[in-house]
Each structure stands twice: as structure tokens, then as C-alpha cells.
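Chain order of the listed sequences is R and A. Mapping to the numbering used here: the first sequence position 198 is 199, numbers consecutive. Mapping to the numbering used here: the second sequence position 149 is 235, numbers consecutive.
Source of the hints: derived by calculation from the structure; they are not laboratory data. Keep in mind that a hint or two might mislead.
Claimed, not checked - Derived lysine-lysine pairs resembling DSS-like cross-links, with alpha carbons at most 27 Å apart: (1) A:K367 - A:K316; (2) R:K35 - A:K255; (3) R:K118 - R:K35; (4) A:K255 - R:K21; (5) A:K94 - A:K182; (6) A:K286 - A:K94.
As the list claims (entries may be wrong) - A short list of chain R residues far from chain A (calculated; beta carbon distances all over 12 Å): (7) V27; (8) A87; (9) K118; (10) D155; (11) A213; (12) H270.
For every residue, glycine included, the Cβ atom is placed at its ideal position computed from N, Cα and C.
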Amino acid sequence: MAPVKNLREAYGQSLVALGKQNRNVVALEADLGKSTRSILFQAEFPERYFEMGIAEQNMASTAAGLALAGKIPFMHSFAVFASGRAFDQLRNSVCIPGLSVRICGSSCGLSDFGDGKTHQALEDVALMRALPGMTVLCPVDAIEVAKMVDCLLDWKGPVYLRINRNDLPFVTPEDEPYQIGKVWKLRDGSDAAVFAAGVMVSKALEAAEELAKDGISVRVLNVSTIKPLDREAIIAQAAGVRALVTAEEANIIGGLGSAVVEALRGVRHAPLEFIGVQDSFGLSAENYEILLRHFGLTAAAVAEAVKRLLGKA
Amino acid sequence: MVSSDTVKRLQRIALQLRADVVEMIGVGKAGHLGGSVSLGEIVAALYFHKMKFDPTNVADANRDRFLLSKGHAVLIQYAALIELGVIPRSELKQVKTLAGVLQGHPDMAQTPGMEAVTGSLGQGLSIGVGMALGLRLDGRPSRVYVIMGDGELSEGQLWEAAMAAYRFKVDNLTGIVDRNRVQATGPTKEVFDIPDIERKWESFGWHVLTVNGHDVAQVLQALDAAEQVKGHPTVIVADTVKGKGISFAEHNAAFHNGIFTEEQYRQAMAEIETRRAELEKE
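So here's chain R without its partners, still in its complex pose (with noise of 0.2 Å):
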């Protein structure tokens, strides 16, 4: 069956999910629960569901001391509190210790158009990347979040786990075996690579589409795993082609540009392109396309980078 389009529901189905195959499953939530989707889990499982009140830092060290009882913890909240709220109780209750914690950062990246700056995270990547021992995870549509929920019962260690908010284009098969750790891709090509995660793959996708209308042909890579990254797959996918071009939805300084940067340090590779927010603070819009256009977060912006380093621009 076709999953729902909507990221944060297939999260909160992929939790249920997960309840009932393991009951040391445990959700934590600091009353975003409607948005982040995690009521799902309380109506399924109360007694395994703590209401939190709006306190992330306690959350996050709550959550370590219930992994340290044996139990597998989910703390959710807006990526943007998950990630920097409670960032001092995720290094030292959680990361520390490695413990085997699950942050949800929901309502990721500018996803949450409306709210503005406060609420939007572009700094997340580089703040959970900076993490000794935390995987980074950023998922690219329903069937990806449901597949990646579902490893996290057994992999080990602290995950920090990006949730957009909005409907997303299917891209991935939905047949396919899945494993957290690959660098996927998406549509093959000659002429350029485009690393791309969480929204942004379709926008790639999509220029992709519009290059190889002008004969250029490109690759595309869905890098759902930010760390630990695949330095060989990203080594092998980024040789033989001209250009490199990196797409990500947060802030290019220490994102996944800045990740396949430092994948590729030693190696001679193709001139390379961010495509991000740079430097900046998100803002409110009427809708999320609006806003990611303001952003420069397109497919057009995609596929002007890649002309521009193969000099056809």
C-alpha cells in the first residue's frame, strides 16, 4: 500500500509501528505532539507516552535516563528546540554516554513556513553533526521515514532525526531493502552529481529532468544519512563527472555541503557548489514553495549551478 504523503504522519504511523513490535518503545513530548505526530503513540500505548510539558532540556535527560533503564526513548519537539534547545542535555545526558536515544526533530529545515525565524531550523545539521557519536538522519519522503523508523530499534547509539512537515514527492521505491548508513541514487548521469537531501532531492530530481532536456546528463544522490557519512560511496559517485553540486534545506555552514566537503578532503574532484540558506535565519511566508524559492532552494537554482560549473551558464 501506498504510504501517506506527509512526512511527519508516516513518522507517527512508523512509531506505532514500532510500539507494537518492542515494548521498551517509549515517546517523550514537549506538547507539539499534534504537529509532530506523536499522539499516535499515545493513543496507542499511555502509559508509554510522557507528556513532558514545554521543557526540552528536561526531556532530553529524561529520555537518557530512561535509556539507561533499558527502554528506547523518542523525544520529540520542532527541530529547532529538539536540536538546540536541549543541545548541553543531548551532549552530556545523551551523547556521552552514547546512549541509544531517538531525537525527533520535527517540522524541519523551513517546513514550518509560517512561523518564522524562531521556529524554522537551518542550524540543526551543524549542531547535531558537531556531536561525537550522533547519527544524523534526514529523510526524503513517507516511504524513507517509515523504512528508516523502522531501523531504529536495533541501531545503536544516539539518531537525531529530521522531520519535514509538509506533503513530499514520493522518490524513493517503495520495494526496496533499506539501510541506514547509504548514500542513494536516485537517477544516474555523466555530466554532474547533485548530493541531495530531504526536500531538495526532488528539486533535484526535477532539475535533472530540465538538464537533460539541454544534454546535460546528471546524477543524483539522496544522501539521507548525514553521519555517519558513506566517504567511499560519496567518493566514487562524485568522480567522472564535471561538476558537484550539493542541496540541502538548513544553513551550508556545517550541513551536508560541508559533510561532502569534508568526505571528499584529499581526493581531486570536480569544481563543487552549495546549494542552501546562506548564513541566515529563516522567515514567514504564505506557503513552504514561496518561501524556499525566497531561500533560492529550487530546482532552477539547481540546474543554474550545475551550468554554471560546466561553463554553459
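Using the hints provided, position chain A relative to the given structure of chain R.
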């Protein structure tokens, strides 16, 4: 009522723990003396009497949990674990060295017997509440003990945890506030005065007991009483003396994280010995 033999045994142990702490700090190296030794009797009472804790099986799922939210006082916990044989005595001489396993703050990844990572202040009670909730879900008999500092109470997260413990009716956890009235840079009254600590906890829905934290019988009685309280959490506010038992360090912020001269080190050890001799005559 606890027997006078038990009290005396724990008083002896408290002195031994203090001596171990002094030895760990040694001469010419900084160490968190004051807030470690203020906990002598409390730690002795917990590890050597109250807690279900088998030194030969520290991973027992049904053990009681000991958390130092004021992680800098970890020397007194190391002392207890050394006396119990969980940590080899040889480690006593290599605290905070690359060769040793005893870190500057509790680190379960490095040190046997540690239950969590604490030291960034304000996080221990939250961790303890999470543990207590998890243990309760599994129907385990374990109790969680969380020791906080009075200076530490300025961390807002502790009060978030206090609210959560009340909200979830956590009664398998005992909080202990080591009210030694001195923090890193001076007396709490001058640095950041937090009046009416008991009333604050009460207003957060906690059952509150106040004891003299150096009176073993009082401490034991409060620990037992806390266990009898059902439906909401209990905190023991323990009045203690920072630097207890080492005259020049008592009430002295300089020994929050101080350095002994050779002479001070000898004096500290001598004072503990004197107190030991007195105790045997009592």
C-alpha cells in the same frame, strides 16, 4: 530505629571516605574537596547500608541507582566504590590522569560503577526521573537516589525535573540536597541566594524532610521515611558543612576546587585521624 553499631560503622566509613578523598587530591593538584567531603555521611549511609547494591554485580538490573547531579563531588563516590572493591585501590593515586579511569566528573563510559554522565549541572534529577520511570514500567523494585547541590538549585532544569517527578507521581526516587551553603565563588547567600529551599520543593509537590547531613542516625531515618512516601516524590534537604572535617577547608570556597600544600595535606589527614580516635572512644 537503627542500632548504634550501624551508626558507628557508618561514621567510621564516612571518615575513611574523607581520608580517601584527601589522598586522591594529594599535594599540588586541584580537586573538588569541599563538596565531596560534605557528603561523607550521606554517601556512607547510601552505599554501605541503604542501597541495594552488590559490588560483585554492579550491573544487576534490580540495583538501586546512585546519581550525583553535582558531578564535581564524584571523588566521594569513587572513595565509596574503592572501599567496596568496585574500583581498584591503585586508581586512588591516578585520579584525573590519562593512565587512570577516574575522570574529573562521573563518566560511565570510563569508570566502573558510574550510572550516568553528569557534571554539566542541573541534569542529574532529570536523568534520575527518566530512570525511575523506566524502572517503574518494568515493575522493578529499584530506587533512584539523586544528590544535588544547593548552589546547583539555580539551574532551571532541576525545577523542570521537579515538576515532571510530581506530574508522574514518581515515588521510587529520593532527591537529596547537599545544603553546604558554599558554591564555587563564595557563600550561596552572597553569590546567588536561594531562600526557602524547603518551601520551594513543597510548592512543587514534593514531600520534604530536613536533616543534619552529618548525623548518620538522622540521615538513615530520613532515607527510610522517604521510602514510605507513596504517590509523590521526596527530597531530603541535608544541612552539611562544605569541607567537613578539615578545619581550614570548612565553609571555605577556596576548597571548592582547591589545592593542598604539603603541610595542609598532612594537617587534613591528621585531623581525620584525630576524629577517628575520638570516635572509637565515644
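Take the C-alpha atoms of K118 of chain R and K35 of chain R, compute the straight-line distance between them, and say whether it is at most 27 Å. holds (21 Å)
Does the claim that A213 of chain R lies off the interface hold, with its Cβ farther than 12 Å from every Cβ of chain A? holds (51 Å)
For the pair we were handed, K94 of chain A and K182 of chain A, check the Cα-Cα distance against 27 Å. violated (32 Å)
Tell me if the straight-line CA distance from K255 of chain A to K21 of chain R falls inside 27 Å. Holds, at about 26 Å.
Decide if the proposed pair is consistent with the structure: K367 of chain A and K316 of chain A, CA atoms, cutoff 27 Å inclusive. violated (41 Å)
With d taken as the least Cβ-Cβ distance between K118 of chain R and chain A, does d exceed 12 Å? holds (23 Å)
Far enough from chain A: is every CB of that chain over 12 Å from the CB of D155 of chain R? holds (19 Å)
Run the C-beta distances from H270 of chain R to all of chain A and say if the shortest one exceeds 12 Å. Given a closest Cβ separation of 36 Å, the condition holds.
A87 of chain R non-interfacial with respect to chain A [C-beta, more than 12 Å]: Check fails; 10 Å does not lie beyond 12 Å.
With d taken as the least Cβ-Cβ distance between V27 of chain R and chain A, does d exceed 12 Å? Answer for V27 of chain R: violated, closest chain A Cβ roughly 7 Å.
Taking 27 Å as the top limit, are the C-alpha atoms of K35 of chain R and K255 of chain A close enough? holds (25 Å)
Restraint check for K286 of chain A with K94 of chain A, where alpha carbons must lie at most 27 Å apart: With Cα atoms ~34 Å apart, K286 of chain A and K94 of chain A exceed 27 Å; violated.
The structure is inconsistent with the numbered hints 1, 5, 6, 7 and 8, although it conforms to all the rest.
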